[in-house]
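Peer 1: Listed below, chain by chain, are the residues.
There are 2 protein chains.
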Amino acid sequence: MTDTTNIRLDYGSMLAPRLGGRGLDPERLAAAAGRFREIHANVEARREDGTLGFYDLVRRTPMVGQIEAFADGPGQAFENIVVLGIGGSALGTTSLLHALHGRDWNERSAEERDHFPRLFVLDNVDPDTIAPLLDRLNVGATLFNVVSKSGTTAETMAQFLIVRERLRAALGDDEGYRRHLLFTTDPERGVLRRIADDEGIVTLPIPGNVGGRFSVLSAVGLLPAAMVGIDLDALLAGAAAMEERCRTDALLENPAGVFAALQFLAHTEAGAGVHVMMPYSDRLYAMADWFRQIWAESLGKRKNLEGEDVWVGPTPVKALGATDQHSQVQLYIEGPFDKTVTFLAVDEHDHEVAVPPAYAEIDAIAYLGGHTLGELLDAERRATAAALADSGRMNMTIALPRLDAHAVGQLLMLLEIATVYAGGFYGVDPMDQPGVELGKVLTYGLMGRPGSERADIPDPDPRRVLR
Amino acid sequence: MTDTTNIRLDYGSMLAPRLGGRGLDPERLAAAAGRFREIHANVEARREDGTLGFYDLVRRTPMVGQIEAFADGPGQAFENIVVLGIGGSALGTTSLLHALHGRDWNERSAEERDHFPRLFVLDNVDPDTIAPLLDRLNVGATLFNVVSKSGTTAETMAQFLIVRERLRAALGDDEGYRRHLLFTTDPERGVLRRIADDEGIVTLPIPGNVGGRFSVLSAVGLLPAAMVGIDLDALLAGAAAMEERCRTDALLENPAGVFAALQFLAHTEAGAGVHVMMPYSDRLYAMADWFRQIWAESLGKRKNLEGEDVWVGPTPVKALGATDQHSQVQLYIEGPFDKTVTFLAVDEHDHEVAVPPAYAEIDAIAYLGGHTLGELLDAERRATAAALADSGRMNMTIALPRLDAHAVGQLLMLLEIATVYAGGFYGVDPMDQPGVELGKVLTYGLMGRPGSERADIPDPDPRRVLR
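For the record, the sequence lines run as chains A and B. Counting along the first sequence from 1, when you hit position 177 you're at 177 in the working numbering, and nothing is skipped either side. Counting along the second sequence from 1, when you hit position 116 you're at 116 in the working numbering, and nothing is skipped either side.
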């Protein structure tokens with residue numbers, strides 16, 4: 001059963017009273033309320049003029065029904081679904097799969113998966129990953145979901161050409177192989193659109209006003225989610241509930257506003273430009289990776305909205321609790337005061353594992369008996385948060401009542417809206433990514449794309465190569 | 001066949017001539033040579049007095065033969081090996097498995113694994129991970145390798161208690177279940193030592209002078225590696241080759257010295273305290289995670305060697321090429337000049353995947369045909385490195401000739417030695433981790449460990465919780 005309880009944001013440990021004088025003065029947060037009202041109004045205006053399409057994804061459209069119909073109908077024939085996509089075409093899907101089904105989904109038997117297909121997300125072009133996977137897959141029982149808005153993403157299109165040949169070799173060069181392809185792409189233009197129209201391949205749309213990193217609740221994420229049995233209604237209802245909570249322009253009542261303002265103030269007023277997201281849940285680790293994209297690519301900008309060089313942007317970092325207590329927390333506690341840590345907590349885990357009492361004579365382990373692993377994980381998180389606060393380190397906690405689709409929908413929407421607000425605070429456009437163009441052009445040159453200049457890449461200076 | 005070619009360090013793009021004036025003045029690097037000679041002498045002295053035990057792990061000791069004998073003998077009986085360990089007891093093992101066998105090892109069939117066992121590393125206490133895994137595993141065909149130097153690590157010992165009960169329930173409370181346990185722990189003291197001695201459980205040693213994060217080439221990493229058929233001789237030979245290369249105290253000839261000096265100077269003289277490691281290889285991504293521990297926990301310190309408060313330490317970040325070009329590179333190119341990027345490159349991949357020519361009439365994808373995925377991945381890396389350099393962003397590349405045990409041994413040793421040198425440059429002790437104590441104590445309090453004080457953790461301030 002889906003829990004419709006709100007997720008919570010506990011941010012007391014971002015503020016000076018809890019941090020022994022370090023951290024943010026609560027007055028500074030209160031003082032940001034005016035600026036937030038302007039930002040909120042500006043965002044509402046951009047919603048009205050249709051440039052922030054991700055907000056609209058929380059409403060159930062007829063397309064959602066089409067996706068469910070496909071997943072429940074023709075989709076049932078497939079043992080595997082392989083997403084060919086990268087960046088925003090991949091991270092949201094992986095986040096949904098891991099959060100709601102676990103990282104071990106593909107290792108489970110068909111029975112353990114309730115006969116839903118395995119789901120692979122091919123988000124790289126490493127031949128040492130792709131060759132073994134394609135050799136292992138029965139392509140005749142596999143749906144390949146090619147996800148690219150423009151159809152020009154080099155990595156995805158190279159994968160597509162490889163998969164297309166494999167399908168044709170296995171299934172023949174007629175209608176057969178096309179039933180194993182589904183394109184998620186621009187509804188009107190682009191290379192995949194053209195191929196789909198020419199060859200009669202099924203497509204799903206990425207709305208023109210939805211950027212890749214904000215597309216998880218479009219067909220980009222919903223189709224794979226539906227294929228593995230994720231409850232789209234609950235996911236969208238959660239997202240809608242958060243959208244509703246963020247309608248207010250009163251900063252201290254708007255969770256996305258508080259999150260954005262705290263991160264911005266921590267960065268610009270307290271020097272904390274490294275923004276760690278640290279779930280205490282293996283299943284939410286991929287969510288931190290998804291956040292890493294939306295936060296870095298939206299806020300890391302050379303130009304501000306006035307066109308001046310500002311070179312700004314926080315550095316998002318993913319960490320995993322309790323694991324990274326044994327890797328990163330030494331630095332977080334004793335290193336420079338340049339970080340905030342956002343914990344993701346889960347109130348109630350799906351499984352309960354009791355630690356059996358044993359070795360009553362050995363104090364160093366006897367205390368563990370009689371507790372559950374969930375209690376231990378929770379104690380570790382609370383202890384780490386308290387240790388950070390006691391050391392003057394800003395941290396906050398987003399708590400999910402359970403790891404279900406409704407809570408995950410809330411979390412995704414919280415962070416998407418917070419990103420747009422943060423763009424307002426930083427004074428940059430959160431929707432563009434001009435900095436990746438140069439690398440693309442140089443790649444085209446190295447790959448000999450017609451019309452591209454030869455890549456002007458100097459050879460290594462041999463005096464600076466140790467071999 | 002193992003390639004014994006050296007790995008290469010190409011650092012021209014850390015220096016001002018390539019970065020249009022940004023980056024480090026080569027004179028500053030040259031000027032660090034004197035300080036490096038002192039650091040090198042100090043490290044040699046610490047080796048002599050036996051406090052840097054990880055250096056000695058490159059020599060093949062009789063224990064390596066015992067590990068191989070176990071793996072080739074009794075170890076053959078197991079379908080699965082599960083490592084119970086966290087932090088330094090887990091990260092090196094995962095790095096070795098992924099680098100040399102791929103991230104999909106456990107998804108492969110027994111034939112595809114040449115009948116070597118599956119290898120699971122349980123490095124967290126998330127019940128939603130552990131319950132499904134233990135339910136799925138045939139514990140009667142599984143070896144549980146408990147890895148903890150002291151035997152007091154809460155996460156690992158909780159796992160041990162759970163597994164021990166499962167084994168006893170399945171195999172009976174006699175000799176049987178003990179044959180499914182192997183402890184890697186301190187050879188003389190600690191809780192696991194005591195239990196092993198009392199109950200006759202097989203053990204392997206973690207030398208007293210080898211810290212957890214420097215333990216990958218001890219039994220901690222070698223036992224699981226041997227169990228899955230990794231060539232220990234080649235791994236140790238690679239590590240020994242790098243140790244040999246780093247014997248010189250001439251900075252510009254010592255690859256670990258150059259790596260450490262560049263990172264330190266980039267941080268302290270050019271404000272680049274975020275040290276990204278970005279492999280262009282899925283299989284090396286876990287290595288970046290391993291590096292993240294050794295770099296953060298060794299260098300992130302409140303006190304310098306004189307006992308003064310300095311609160312120093314770079315922030316290591318892991319990224320994956322080409323994937324994170326679509327997530328992080330926007331920030332790396334356009335954000336603050338606060339990062340270095342170290343690429344890991346692989347000259348020759350194990351697999352070659354050709355991109356078949358198709359769609360000659362569509363320029364935007366036709367150019368991909370006729371290339372291989374390895375060529376595309378290589379072009380993306382070179383283009384990204386060049387785009388960073390053209391944007392004034394410091395970066396360097398460590399290139400491995402192939403992904404084999406010899407190259408991986410070199411890489412591990414390069415980064416371990418560099419960490420110790422970096423401790424010298426930063427003026428901190430790279431071998432301790434005092435900052436994690438407070439969190440442990442608070443956890444003990446919350447869990448009611450006898451002798452621990454009640455954890456003094458204040459309740460959340462309800463005015464600062466949005467729900």
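Don't read these hints as lab results, they were simulated from the structure. It should be emphasised that the depicted structure is a prediction, and the values quoted were computed from it without experimental measurement. Keep in mind that a hint or two might mislead.
As the list makes no split between identical chains, a pair holds if one copy fits it or if it spans any two.
Derived DMTMM-like pairs (lysine to aspartate or glutamate); straight-line CA-CA distance at most 25 Å [stated by the list, open to error]:
id, residue 1, residue 2
1, K318, E44
2, K440, E188
3, K440, D338
4, K303, D338
5, K318, D432
Peer 1: Each hint should be assessed against the structure and marked as holding or not.
Peer 2: Evaluation of the provided hints:
no.	hint	result
1	K318 to E44	neither (30 Å within a copy, 36 Å between copies)
2	K440 to E188	within (24 Å within a copy, 57 Å between copies)
3	K440 to D338	between (32 Å within a copy, 23 Å between copies)
4	K303 to D338	both (23 Å within a copy, 17 Å between copies)
5	K318 to D432	both (23 Å within a copy, 24 Å between copies)
Comparing the model with each numbered hint stated earlier shows that hint 1 is the single one that does not hold.
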